[in-house]
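Undergrad: The lines below spell out each chain.
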Amino acid sequence: MLIDVSTYVGHWPFRKVDGATLNEMAPVLAKHKVTHAIVANVNAFFYKDAMEGNMELYEEMKNYKGEVEFLPFAVINPSYINWREDMVKCVKELGFKGFEFTPAYHKYVGGNVCTLSDPCYKEAFKLAGELGVPVRIENELENYRQRHWMESGMSPTGDQMADMLAASDKTTLIIGGYFPERLGARMAEIVKTRKNVFFNTRRLDPFYDACYWQAAVNAVGCEHLVFGTNYPFTHIGPAAVALTFSPQTEDEKKAIMSENIRGYLGL
Amino acid sequence: MQQYIKEQLKLFYDNPVVNWHEHVWTTDMWNNTDPGTLDTVRCDGLVEFANTCGIDKLICSVVSVNPHCTPKEQEMRNNATIEAMERHPDTIMGMAFVNPGNGKHTLKEVERCVREYGFVGIKMYHQYFMDDPVQYDLVEKCIELDVPILMHAGKLVVGPETQPRLSGGEHFANIARRYPEANFIMAHVTGGGDWAWQLKGVIDCPNVVTDISGSVSDTRAVEESVRLLGAERVLWGTDGSASAGVGKLLSANLTDEEKKIILAGPKYERFLKKGVK
Chain W
1 MLIDVSTYVG HWPFRKVDGA TLNEMAPVLA KHKVTHAIVA NVNAFFYKDA
51 MEGNMELYEE MKNYKGEVEF LPFAVINPSY INWREDMVKC VKELGFKGFE
101 FTPAYHKYVG GNVCTLSDPC YKEAFKLAGE LGVPVRIENE LENYRQRHWM
151 ESGMSPTGDQ MADMLAASDK TTLIIGGYFP ERLGARMAEI VKTRKNVFFN
201 TRRLDPFYDA CYWQAAVNAV GCEHLVFGTN YPFTHIGPAA VALTFSPQTE
251 DEKKAIMSEN IRGYLGL
Chain C
1 MQQYIKEQLK LFYDNPVVNW HEHVWTTDMW NNTDPGTLDT VRCDGLVEFA
51 NTCGIDKLIC SVVSVNPHCT PKEQEMRNNA TIEAMERHPD TIMGMAFVNP
101 GNGKHTLKEV ERCVREYGFV GIKMYHQYFM DDPVQYDLVE KCIELDVPIL
151 MHAGKLVVGP ETQPRLSGGE HFANIARRYP EANFIMAHVT GGGDWAWQLK
201 GVIDCPNVVT DISGSVSDTR AVEESVRLLG AERVLWGTDG SASAGVGKLL
251 SANLTDEEKK IILAGPKYER FLKKGVK
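Sequence lines, in order, name chains W and C. The first sequence begins at 1 in our numbering and counts up one residue at a time. The second sequence begins at 1 in our numbering and counts up one residue at a time.
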């Protein structure tokens, strides 16, 4: 089993991205031996009502018959009307397996910047735990140096994650696109005391130079790492090469590929 | 997955592979007065990576980010590259790092590195734009010595003030048209920044190639490089991002023949032969 915790469908408005549908992604993921993939619809980042994007993914899932098992995550904007009802509906009626929070794109509450530290995100995080599903947050679907000028450029900080995590120790959090050792003292403390916080490996490199892989392992331990690629924004190869040549044991690699997270995804 | 990656890596193991953009470091890399000698641990790690992934040649330099890099500093940094070349003579080849602002000292340093030590080209950072008139004598020296010019490049959308003399595709196009007989490498099209801008800027400049080193592994970036420039004008490299460099090429939606061309860099092969001492 190989679980990719970081894939997307939908239209990215800032550059052309090919193949961002379930049917187009599945063969590429399967070629790299991915068996399961968490997927969200980026359209829901940009629609005022994120649920419209979630419904698109729901419809796409109904027509998908490929060999990779996709685990749909619903994008939730907890500053938008009726978001609680939407969360319940997504899990209980539509079969979504988790949620994605994107404060970089859903940053308004009464005209003010909204972050993971805000009460609405804390409440949504807590509700996800009560519904028994994880939350995913991703940093930089595109590298910050090439962001389109209409992108917000605001990524959640470690302290904001820590604020949100404090709202519930039942809810699982999957964090993508960060170097775990750079998220600050509070996050470092949190991973020592709870198991259900995971970091995907898509930016980690085990070879020479800064040895980001080793730094991440030292900071949070293998048990908090999960395999993720950010496909189709980013090629799958880099994350696959990094894991293949990482200094971990075969058992540790297996844990990163699937065993660490599978139980939290109901697999 | 691991088995699949190792099978894919036969492309590297079974074919000539030249990494046209890498760096060795010194023991005090950020000290502009005395950067020290070769960081042998990092250097050996680089060669270990090359051996693991089937890379035949690492073209390396020691750069300075110092906007006022002196003749002495550039010489000390190049001495560290020489040390790396002597430490791993079968694998490491040198690019002479120079600051064009050092005028005749820089021309002399290029002569020293190329003629005495077999460096295969020169490497510049963002001390000056690629098309700044201060470059003209240096470019003419490189034409005379028949060595390519690798220049740090990018089109930053965020934080352009951090590198105010960072060369974009337009700067390469200007200098390439002025010196059609010179050979320019527009560095790391996937090194962060707007890669489409960079590629569009040099489409019509056959004497400009690019390398695909850097941490950015965007889908379509390598593919667009090949579509717009042709595989012969795309060199392979890593520039400190090993897994990204290997992985993005393995996963790129290109033919094996196109990938082999990128890995071998046939358009630049003659520069390597000249560099062998």
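Hints listed in this document are in silico derivations from the structure and should not be mistaken for laboratory results. Everything numeric in this text was worked out from a predicted model, so none of it was measured. Just so you know, even glycine gets a beta-carbon here, dropped at the ideal spot from N, CA and C. Treat each hint with caution, since some may be false.
Label pairs and their in silico Cβ distance ranges [stated by the list, open to error]:
#	chain 1	residue 1	chain 2	residue 2	range
1	W	Lys-65	C	Tyr-13	30 to 38 Å
2	C	Asp-132	W	Glu-69	52 to 60 Å
3	W	Thr-249	C	Arg-87	44 to 52 Å
4	C	Leu-228	W	Lys-33	26 to 34 Å
5	W	Asn-218	C	Lys-10	26 to 34 Å
Undergrad: Per the hint of 30 to 38 Å, is the separation of the Cβ atoms of Lys-65 of chain W and Tyr-13 of chain C within bounds?
TA: 37 Å, holds
Undergrad: Are Asp-132 of chain C and Glu-69 of chain W spaced within 52 to 60 Å by their CB atoms?
TA: Holds, at about 55 Å.
Undergrad: Lying within 26 to 34 Å: is that true of the beta-carbon distance Asn-218 of chain W to Lys-10 of chain C?
TA: The hinted range 26 to 34 Å holds for Asn-218 of chain W and Lys-10 of chain C, with Cβ atoms some 33 Å apart.
Undergrad: That 26 to 34 Å hint for Leu-228 of chain C and Lys-33 of chain W (C-beta), does it hold up?
TA: 32 Å, holds
Undergrad: Lying within 44 to 52 Å: is that true of the beta-carbon distance Thr-249 of chain W to Arg-87 of chain C?
TA: Given range 44 to 52 Å: violated, Cβ gap about 31 Å.
When each numbered hint is compared with the structure, a violation occurs for hint 3 only.
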